[in-house]
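Peer 1: Its first residue numbered 105, the sequence shown is counted upward by one per residue in this note's numbering.
Note that these hints are calculated values from the structure, not bench results. Quick reminder that beta carbons are idealized off the backbone N, C-alpha and C, glycines included. It is possible that part of the hints are untrue.
What the hints assert, rightly or not - With beta-carbon atoms standing in for the labels, derived distance ranges: (1) Val-137 <-> Ala-241: 28 to 38 angstroms; (2) Arg-129 <-> Lys-310: 26 to 36 angstroms; (3) Gly-181 <-> Ser-258: 46 to 56 angstroms; (4) Gln-304 <-> Val-236: 23 to 33 angstroms; (5) Gly-131 <-> Lys-310: 23 to 33 angstroms; (6) Lys-193 <-> Gln-248: 12 to 22 angstroms; (7) Lys-310 <-> Lys-193: 32 to 42 angstroms; (8) Ile-128 <-> Gly-317: 35 to 45 angstroms; (9) Ser-196 <-> Gly-145: 22 to 32 angstroms; (10) Arg-134 <-> Leu-176: 20 to 30 angstroms; (11) Ala-303 <-> Ala-349: 43 to 53 angstroms.
To be verified - Calculated lysine to any residue pairs in the SDA-like style (CA-CA distance at most 20 angstroms, straight line): (12) Lys-284 <-> Lys-193; (13) Lys-222 <-> Gly-198; (14) Lys-188 <-> Thr-167; (15) Lys-193 <-> Leu-283; (16) Lys-193 <-> Ser-162; (17) Lys-310 <-> Leu-283; (18) Lys-141 <-> Thr-180; (19) Lys-284 <-> Gly-153; (20) Lys-120 <-> Val-177; (21) Lys-193 <-> Glu-178.
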Amino acid sequence: MSEQQPQNTSALLQVKDLETHFPIRKGLLRRQVGAVKAVDGVTFDISRGTTLGLVGESGCGKTTVGRSLLRLVEPTGGDVLFDKHALRKENSRGLRSLRRRMQVVFQDPYGSLNPRMKIRSILEEGLILHRVGERAARLEEMKQALERTGLSVSVLERYPHEFSGGQRQRIAIARALVLKPEFLVLDEPVSALDVSIQAQVINLLKELKQELGLTYLFISHDLSVVEYLADNIAVMYLGQIVESAD
């Protein structure tokens, strides 16, 4: 029997009965004959300023949960409330304004940065999309984000291939921070890095949380990392949360 967290009305993020199913189609007419239930009735909440560690084996639906929360993948059912805003009911305009407050750091720092764009363009893209300030003001925001992640402003004129994996992930974190979000989905942000670099990035994430008052959904399969970073933990298996605890 699954054990799920009770809903907290003061939580920054509330997720109730979230479902994300992917259709299985066969035949010449591509008729749907079934569905893969990647996320199947997930319920949890995250209080402001805390970290929920979402753990489970590969293929259990962890990443799909994170992407469904931000509607990078459209959920099939359930409710997602971010600061009392029902994300599944928001139109594109409302969702865009809320996405400034919710950002994501992906697992692969080699695939998440466009190799044809300079770091300046990668960081500035979100600021331009959300119409944040003039060029000089945007540059200042980018400088601050880079400094917080331990990088200098000189990286702005370089391309992603010129950096190591750890540096690329720091750039990806800076890209998430530049819009000054409240909530970050961290999708296995250190699993693709060398062990020696993992500790540096984990410590950076912990420092940023304390300094900026961030709220994290930290997705991982490494229990030792989750123990170090998370306030609460939820265990996923076959698309469902089967256990949760502090």
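Peer 1: Checking each numbered hint in turn, tell me which of them this model violates, lowest number first.
Peer 2: 1, 2, 5, 6, 11, 12, 13, 14, 15 and 16
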